[in-house]
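Visitor: Sequence:
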Amino acid sequence: MTHTGEEAELERRIGYQFQNKKYLDIALTHSSYANEVKKNISNNERQEFLGDAVLSIIVSDYLFHTFHLAEGELTKLRAALVCERSLDEFAQEIHLGDYLKLGRGEEMMGGRTRPSILADAFEALLAAIYLDAGMEPAREFVLKFVTKALEHREDLILSDYKTMLQEIVQKNPEEKLSYVLVEESGPDHNKRFVVEVHLNSNVISTGCGGSKKSAEQAAAREALRLMGQ
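Each residue of the sequence shown is one higher than the last, beginning at 7 in this note's numbering.
Everything labelled a hint here was simulated from the structure, so no lab data went into it.
Each hint should be verified, as a subset may be incorrect.
[Claimed, not checked] Pair ranges (Cβ atoms, derived):
| id | residue 1 | residue 2 | range |
| --- | --- | --- | --- |
| 1 | His-101 | Ser-217 | 53 to 61 Å |
| 2 | Gln-98 | Ser-217 | 19 to 27 Å |
| 3 | Gly-21 | Thr-119 | 18 to 26 Å |
| 4 | His-101 | Asp-194 | 33 to 41 Å |
| 5 | Asp-194 | Glu-42 | 50 to 58 Å |
Since we're looking at a predicted model, the values are computed, not measured.
Note that the Cβ used here is the ideal one computed from N, Cα and C, for glycine as well.
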């Protein structure tokens, strides 16, 4: 198996050099490419499965030893760190999309920037490091991203409320969820925004914050509380 210049560049970017280059090659191979080439090559789905578990244990262990929070809060924080949106951002930091092997159709559909593909590839890359050298290098790799994300812990947890609410509402396809800005006050340096959550035509909760985004998150959080979540 040849080790391309691009793969060597990615190794420099992530600060890790593989002993067995096969694991890296598999991590970068999307199923669309493997299906197109049909030379019995492996795609990254199995490594993604393993990477998901490795990621969960590393993040859980780190949060447990770093924050003295209740189980529910730790769970929310972990969910925010390992969700597709966060993994997509981690993948973008190392320009992972540039190194992926995609089928022609996926390439034309913008697969290199698709969050689901990047998040899966990030997990597959983590598994590649784990398979190549064990838990410690894998931990070192992931915690660079996690510790940086945790510098904005409040935003991280808040940003999960809208996602959680959306996932609940999506279970009923006929339901329509929207956020409506109903008030904006205060000077530029100290703005106050009030947002309502509308489910179909009904107002189900209200939230306020120093930005429209934080007000939306606060409103979603209140909606979840009222739903008993």
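Visitor: Against each hint, give a clear statement of whether it holds in the structure.
Guide: Status of the hints after comparison with the structure:
In this structure, His-101 and Ser-217 break the distance hint of 53 to 61 Å, their C-beta atoms being roughly 29 Å apart. At roughly 23 Å, the beta carbons of Gln-98 and Ser-217 sit within the given window of 19 to 27 Å. The beta-carbon spacing between Gly-21 and Thr-119, approximately 24 Å, falls within the hinted interval of 18 to 26 Å. At roughly 35 Å, the beta-carbon separation of His-101 and Asp-194 lies within the given 33 to 41 Å, and the hint holds.
Distance hint for Asp-194 and Glu-42: a CB-CB separation of about 53 Å, consistent with the stated range 50 to 58 Å.
Checked against the numbered hints given earlier, this structure breaks only hint 1.
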